[in-house]
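In order, the protein sequence lines correspond to chains A and B. Using my numbering, you'd call the opening residue of the first sequence number 1206 and step up by one each time. Using my numbering, you'd call the opening residue of the second sequence number 219 and step up by one each time.
Some hints here could point you the wrong way.
[What the hints assert, rightly or not] Result set (DSS-like, lysine-lysine): computed pairs, CA atoms no more than 27 Å apart in a straight line:
#, chain 1, residue 1, chain 2, residue 2
1, B, Lys-500, B, Lys-383
2, A, Lys-1429, A, Lys-1415
3, B, Lys-662, A, Lys-1324
4, B, Lys-590, B, Lys-626
5, A, Lys-1284, A, Lys-1368
6, B, Lys-354, B, Lys-281
7, B, Lys-262, B, Lys-427
8, A, Lys-1311, B, Lys-590
9, A, Lys-1339, B, Lys-662
10, A, Lys-1328, B, Lys-247
11, A, Lys-1397, A, Lys-1328
12, B, Lys-247, B, Lys-281
[Said to hold, decoys possible] Just a sample of chain A residues kept apart from chain B, beta carbon distances all over 12 Å, derived:
#, residue
13, Gly-1234
14, Ser-1264
15, Gly-1270
16, Gly-1299
17, Phe-1305
18, Asp-1326
19, Gly-1352
20, Ile-1371
21, Glu-1389
22, Lys-1397
23, Ser-1434
24, Lys-1442
Hint data in this document are derived by calculation from the structure and do not stem from the laboratory. Even glycine gets a Cβ: it sits at the ideal position worked out from N, Cα and C.
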Amino acid sequence: MSILKVNALRSTADGQEILKGIDLEINPGEIHVIMGPNGAGKSTLANVLMGHPAHEVVSGEAIFGGKVLFDMKVDERAKAGLFLSFQYPQEVPGVTVDNFLRTSKKEISGIMPMLGAFKKDVKQHMEMLDMDQKYLERYLNLGFSGGEKKKNEILQMAVLSPKLAILDETDSGLDVDAIRVVYETVQKLATKDNAILVITHYNKILNYIKPDFVHILVDGKIVKSGDLSLATEVEEKGYEAFKKSTDVNGAA
Amino acid sequence: MEKKTYVADVDRGVYDIINTEDHRFVSDKGLTEDIIREISREKKEPEWMMNFRLESLEIYKKKPLPTWGADLSELDVENIVHYVRPNTDMQTSWDDVPEDIKNTFERLGIPEAERKSLAGVGAQYDSEVVYHSIRKELVDLGVIYTDMDTAIKEYEHLIKPYFMKLITNRDHKFSALHGAVWSGGSFVYVPEGVEVEFPLQSYFRLNAKGAGQFEHTLIIVEKNAKLHFIEGCSAPKYSVQNLHAGAVELFVKEGATLRYSTIENWSRNMYNLNTKRSVVEKNGKIEWVSGSFGSKVSMLYPMSILKGEGASSEFTGITFASKGQYLDTGTKVVHAASNTSSVINSKSISKDGGHAFYRGLLKVAKGAKNVKSMVNCESLMLDNRSKSDTVPIIDIQGDLVDIGHEAKIGRISDETIFYLMSRGISEAEAKAMIVRGFVEPITKELPLEYAVELNQLINLELEGTIG
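Let the sequences and hints guide you as you build the complete structure.
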């Protein structure tokens, strides 16, 4: 059974249509990459799936882990195993990373994590991400650099072990070293039981992560899906070529 | 059943438990010379005190209501019972305190805190102090901690030069009222050079319906001495008005440090018109931690007068206004000498149509040089119905003054709630986390037990935020 199955999904924000019929199926053990130009709706797709209040689902459906995704509240989606690594993680003064991780883990797993095991787990992942342990006592994302915020997102992913993790432009704002550390960690977190959906508009991350599927999202639609070779095609031709193909489809 | 939406309807738990009224003496409602004389007789006070009360009553009658701040037109002082003496004398052992009163303080966690982390405790019930104790080693060092009635009789020479000299009965209508009907409160005297390691705490509980509480707290911290004093207040909910018009006078001598922490947690029928002031001598320091919860109306502006060179003050305040509440709070600092410094950190939260108003005064007197001050006010509104205002008045007549001021008013952000919810945290808990985080700089200033209490109060206030 697939982890996520999206059918003809359309959405609006502020009355404007952004997603114009998305079909997507993600199975356990798969890594998907969605690429596309700025403004194509990539982040919108991530936000709609997670349940951002500014986006309205107009039609279509999504089944996540056998349940109707859009019937669930945001926290219920998280508890069902959906995770979103934010493009712009929020700063929350007064709430420490440690407290936040522990609270999330408790909510998602349904039980208070065992202190010793939890600490060990967190420490191990922080080492993997080349994060200083001191971050645990810092307020959530407050004053973090772009790279630190993104590492902190992946740390949460590692600790919460979701069924499906959506990474919304986690590479943006990262230097080369950080990109490597982050995506190598993501690759390590991939198992045969979970799945990862990476959203990006660069293909340089493909040096570190090996997707099973690549999708090109242009103007609210997935215009082409394929394997890794599709990313090479983007590199050579740019997105313009795919934009034209939408027009062709539109005309047809 | 529909979930109750507003905090006013929420059971405030231990704070709302009402005891049967069992009094030894209750004054008539309202204010007359006869009532004042009777209160004074009942307390067996010296004559100067009775005369002071009568003078205050005359001033009270002539003073107009304040024309700024809260709307007090509905407050009916004539209908308030100004003096309620509980049916017990002051005890020094909890075992001798009547069962129901003792249980009240047990529920509020006072005896437990006393055992664990306090150097002394005073507990006031309605108009009189029912329990007072202090660790023996402090007594041996000359520290005095007792109720005001006892203090006036036993330490008249210490009280008379200070009592209502910092807050006078001419300052405003409610300081005059206080002068006329004050009762209870604590007196603390810390002799020169004595550092009191653990805090002292006085807790003021108003149980009687339609009554007023007018406790007077007088603290003198002598040269190079040190004290942390904690004040707690609460009352159960009634449908009639209650009035709290206490007075707190703090004298911080040369090189001394006093920290004064309060969590006021009144029921929604309370008019809280409290006056607190401190005067700080050379190189002395006053630190205020002030939490204002509950009440229908509050007007509270703890004041620091930095009188001696090098004196300093720190004010950390939190105000939480919910449905039907108007909380007008802030602080006043007067830099009356050179090289004085002050820090003001105020946080307010409003929800369900509540209105939190920050009103502050920062004054640098003529001739004061090298004055430093940092003012930081932040407000957080949890919905579109709630209101928040910030009016920091800065009046500078001195030279070489370095003042920083920052004010932020914001609404709780949907993006942040979404972010937290995406990690499995419910909407209610996400809001609570954001609010707790917002006040964290204040909770971390409090001793653990009080930080826990503050967080519990915030949770209580937040209950029902999701309609």
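Checking each numbered hint in turn, tell me which of them this model violates, lowest number first. Structure breaks hints 6, 8, 10, 16, 17, 20.
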